[in-house]
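Participant: These protein sequence lines are chains A and B, in that order.
Counting from 288, one number per residue, gives the positions in the first sequence under the numbering used here.
Counting from 436, one number per residue, gives the positions in the second sequence under the numbering used here.
There could be a bad hint or two in this list.
[What the hints assert, rightly or not] Here are the in silico distance ranges between beta carbons for each label pair:
no., chain 1, residue 1, chain 2, residue 2, range
1, A, Gln448, B, Asp684, 34 to 40 Å
2, B, Gly506, A, Gln448, 39 to 45 Å
3, B, Ser700, A, Leu380, 28 to 34 Å
4, A, Val377, B, Glu707, 51 to 57 Å
Think of the hints as simulated: they come from the structure by calculation, not from any bench.
All C-beta atoms in this analysis are idealised placements derived from N, C-alpha and C, irrespective of residue type, glycine included.
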Amino acid sequence: MSHDEFGTLSDQVLWICGVFYFIALLAHLAEWAAGRSVPVSAAVPAAGARSAAGGTDTITGARPPAAPERSERMDSFARVGLGATRVAVVFHLVSVVCRGLAADPIRVPWSNMYEFTLTGTLVVVVGYLVLFKKYQLGWLSPVVTGFALVVLMADALLLHQRVGTLTDALESPWLVIHVIAAIIATGAFTLGGMTSVLYLVKERWLEKQSSSTAAAAPGGYLSRVPALAQLDRFSYQVHAFAFPIWTFAALIAGPIWARQAWGRYWGWDPKEVWAFITWVVYAAYLHARATAGWKGRAAAVVAIIGLATLWFNFVGINFFFGSGSQHSYSK
Amino acid sequence: MAEQRPGAPEFGNDRDRAPEVAPLAPVAFLRWTWRQLTSMKTALILLFLLALGAVPGSVVPQDNVDSVAAGRWREAHSTLAPVYEKLGLFNVYGSAWFSAIYILLMISLVGCILPRTRVYFRAMRARPPRTPANLARLPEYRSFTVDQEPADVLARARERLSSYRTDGYEDSVSAERGYLREAGNLVFHLSVLIVLVGFATGSLFGYKGGVVVVTGGQFANVANQYDEFVPGKLFDPADLAPFALTVKDFHVDFSTDADEFGMASDFYADLEYQTAFDAPTRTARISVNHPVDVDGAQVYLIGHGYAPVVTVRDGKGEIAYSGPVIFLPQDTSFLSEGVIKVPEASPSQLGFGGLFFPTYGLIGGQPSTIYPGIDAVPGDPGADSLLSLFVYRGDLGLDSGIPQSVYSLDMSKLEQVKKADGKGGTKNLRLDLAKGATATLPDGLGTITFDGVSRFVKLQVSSNPGEKVALAGMILALTGLLGSLFIRPRRVWVRVRRQDGRTLVEVAGLHRSSGGDLSGEIDDLAAHLEDRTT
Ligand code: HEM
Chain A
288 MSHDEFGTLS
298 DQVLWICGVF
308 YFIALLAHLA
318 EWAAGRSVPV
328 SAAVPAAGAR
338 SAAGGTDTIT
348 GARPPAAPER
358 SERMDSFARV
368 GLGATRVAVV
378 FHLVSVVCRG
388 LAADPIRVPW
398 SNMYEFTLTG
408 TLVVVVGYLV
418 LFKKYQLGWL
428 SPVVTGFALV
438 VLMADALLLH
448 QRVGTLTDAL
458 ESPWLVIHVI
468 AAIIATGAFT
478 LGGMTSVLYL
488 VKERWLEKQS
498 SSTAAAAPGG
508 YLSRVPALAQ
518 LDRFSYQVHA
528 FAFPIWTFAA
538 LIAGPIWARQ
548 AWGRYWGWDP
558 KEVWAFITWV
568 VYAAYLHARA
578 TAGWKGRAAA
588 VVAIIGLATL
598 WFNFVGINFF
608 FGSGSQHSYS
618 K
Chain B
436 MAEQRPGAPE
446 FGNDRDRAPE
456 VAPLAPVAFL
466 RWTWRQLTSM
476 KTALILLFLL
486 ALGAVPGSVV
496 PQDNVDSVAA
506 GRWREAHSTL
516 APVYEKLGLF
526 NVYGSAWFSA
536 IYILLMISLV
546 GCILPRTRVY
556 FRAMRARPPR
566 TPANLARLPE
576 YRSFTVDQEP
586 ADVLARARER
596 LSSYRTDGYE
606 DSVSAERGYL
616 REAGNLVFHL
626 SVLIVLVGFA
636 TGSLFGYKGG
646 VVVVTGGQFA
656 NVANQYDEFV
666 PGKLFDPADL
676 APFALTVKDF
686 HVDFSTDADE
696 FGMASDFYAD
706 LEYQTAFDAP
716 TRTARISVNH
726 PVDVDGAQVY
736 LIGHGYAPVV
746 TVRDGKGEIA
756 YSGPVIFLPQ
766 DTSFLSEGVI
776 KVPEASPSQL
786 GFGGLFFPTY
796 GLIGGQPSTI
806 YPGIDAVPGD
816 PGADSLLSLF
826 VYRGDLGLDS
836 GIPQSVYSLD
846 MSKLEQVKKA
856 DGKGGTKNLR
866 LDLAKGATAT
876 LPDGLGTITF
886 DGVSRFVKLQ
896 VSSNPGEKVA
906 LAGMILALTG
916 LLGSLFIRPR
926 RVWVRVRRQD
936 GRTLVEVAGL
946 HRSSGGDLSG
956 EIDDLAAHLE
966 DRTT
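With these hints in hand, go ahead and build the complete structure from the sequences.
Facilitator: Structure follows, in structure tokens:
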């Protein structure tokens, strides 16, 4: 196959991949809709959840309440969703690989925003699938599949670019290392951020629940999202995984590459500034988790701010400061 | 680290428990201030301030990042600019207020590390804590009965916990491991300081300079040979490494592929350099991503362009100038702009200004460069190039004592040379010279010949004495961080008691970091002691 054919294949396969994410999303929505008619017998007590913010998460976290009951219909929808996600990931991977093969000479497919987004989304979904069993991530399914679908479509429609060759400055093994690490960290931070958002949503919901006298415990989505303490812990674990990788990408590999390419390892270029800001905010997140009174909600808020700075660096800097940044390759 | 949970680590400080209200006695007040400054909450707030403080530097152009953009911004915002100047917004990362944030953070950091290190060394040597009276209150707890003797159970437990530091008591075993987590945390925080030291060393004692050298030309590493030179605050120009280099050759490929037509690739320069007068001459090939290290300084290739070679003869027929002239590329087509100054010419000084087209052609009737290379005709570089110049006469203003750019003419005392337009009037004289062509200037001013095309490279020379320290610090920080995040400090206790002729075994565990989960280990241990094979 010629390079051009690989490029076309990459684009076509992405559409198929999108269709499967769509099926997966529908299946998971159906799963949760079906859940409404199933009572949540072991409803998560609001009291247990509140204690997460009080600093006793080791205790509540260790013995999660029994999983809410599920119906057979829910399970079969869940299986369909998971299956479709797996198929979508295979197509997604094929699309990424073809994109790399489409370039002449062959290269890693991370030289512009389109390609970065394509690969970053793949990391999010693969991360979710890898952790699915261990952490019982069924509650994250609609969020992840919906995210993958929306982001990929936006990527294909708004950011799509022809395959290009790299300029000399980008031809370095450090580009590969720096960008792989940045993409993995971004994918993981994104998973962590989703969890933090769910944490805040669920916390609001629990507060409403406990203040309203209507005792009806619906079997809806939020009642099946794990207890706050568990959300908090999962979020922490994902962030703890991502933070060192980000440290490596932004503060070690990046500077080494910059020194080779531009003769300075750190130059306060807007991209570098925002990579630094992201790092500091996530350091603050880890601190927040270790500070009494900041656990739980405050930490979740900090995590979301961190994710916002990360995405802003990726999207905002390129659009608003494009030419002012030496990193404008990724425009 | 104001931990309230049972068995919380004793590491860390009690600073968050400092009274909220400042005491009045001076010593107490100082202690209170120190405790506030070194509390975790203050660290958190300072981290946020640091992040927030870094933002303006990405929005307002910075003098030492892009001085041209900063200058343009100042011109465009004449009312705001002085205010911004006062606030240090054109140099955020060197400003007093930004420095204040990170210096406070570093003080807070030191105030945090020191007591924690002391506590840590004490804890390192400490024995595992006594078995708590009520194990059932711990987060992980299992109990079961077995037939073995209590002492046997305890012996098996100790054997199983051999990777722990253990202490045996009459009826129980206490075990602990994961001490290195705290060490990792301390190493990480200490390394932040090391990185800062490396960073500061570089910006105080380093330098960065840029210079344009024509192929065949020489450059000696002294401050006044640079086109631009940015020394660190404490840099002494006498410390410049005494090397000299010659740019022997420069190579570039411009793509002829339809997709990337004219994209430059594979460019490199061949250098010869000497680190001292009597040192052997060495050679190096430099290209993007591949600088050469000369005597502790790095020489980078950061740009390139054309230098048309011209010969100007004055009114008396004498050579007033001969050699390459640097024309700066204006865009990716390498259409280049430059000026030629000929102060030696008589009867009057001459100036030329105009454009160089590497490969000339018309696009839509417009004179254009149709290809950025000069090798469209193989073996005859510059065969299709064109040099298009306006001519000026008068005083170039070079004697005024005010330094002027070599890339522009000072028009104040120059007069543009005209020619008849054929309709009774005059128009500006424009010379369009192909390679080898000579044009005669009117009024006996002389002639100019376009001899050929040479090239120039833009080199950057920089030296950053702190970079190794910063890198080492960063790697150390990452190592410490990994330890701090992934080493799992934990305590395990086993207690035995005779009960109704059998042995009651209690197993309990405590994970001493937030987010840790010990259930798997405790299950394993319990299963082992119960002789269930899992
Ligand atoms: C440049 C400034 C700082 C950075 C980048 C930074 C970064 C970090 C990071 C990434 C962690 C997470 C490690 C973990 O979770 O085990 C951490 C933990 C910690 N930091 Fe800092 N820190 C800074 C300043 C400080 C200061 C000034 C203090 C003192 C008040 C401090 C006290 C602590 C403590 C006590 C922990 C342990 C938390 C735990 O037990 O999980 N840090 N820091």
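Participant: Run every hint past the structure and note whether it holds.
Facilitator: Status of each hint after checking the structure:
no. : hint                             : in the structure
1   : A:Gln448 to B:Asp684: 34 to 40 Å : holds (35 Å)
2   : B:Gly506 to A:Gln448: 39 to 45 Å : violated (33 Å)
3   : B:Ser700 to A:Leu380: 28 to 34 Å : holds (30 Å)
4   : A:Val377 to B:Glu707: 51 to 57 Å : holds (55 Å)
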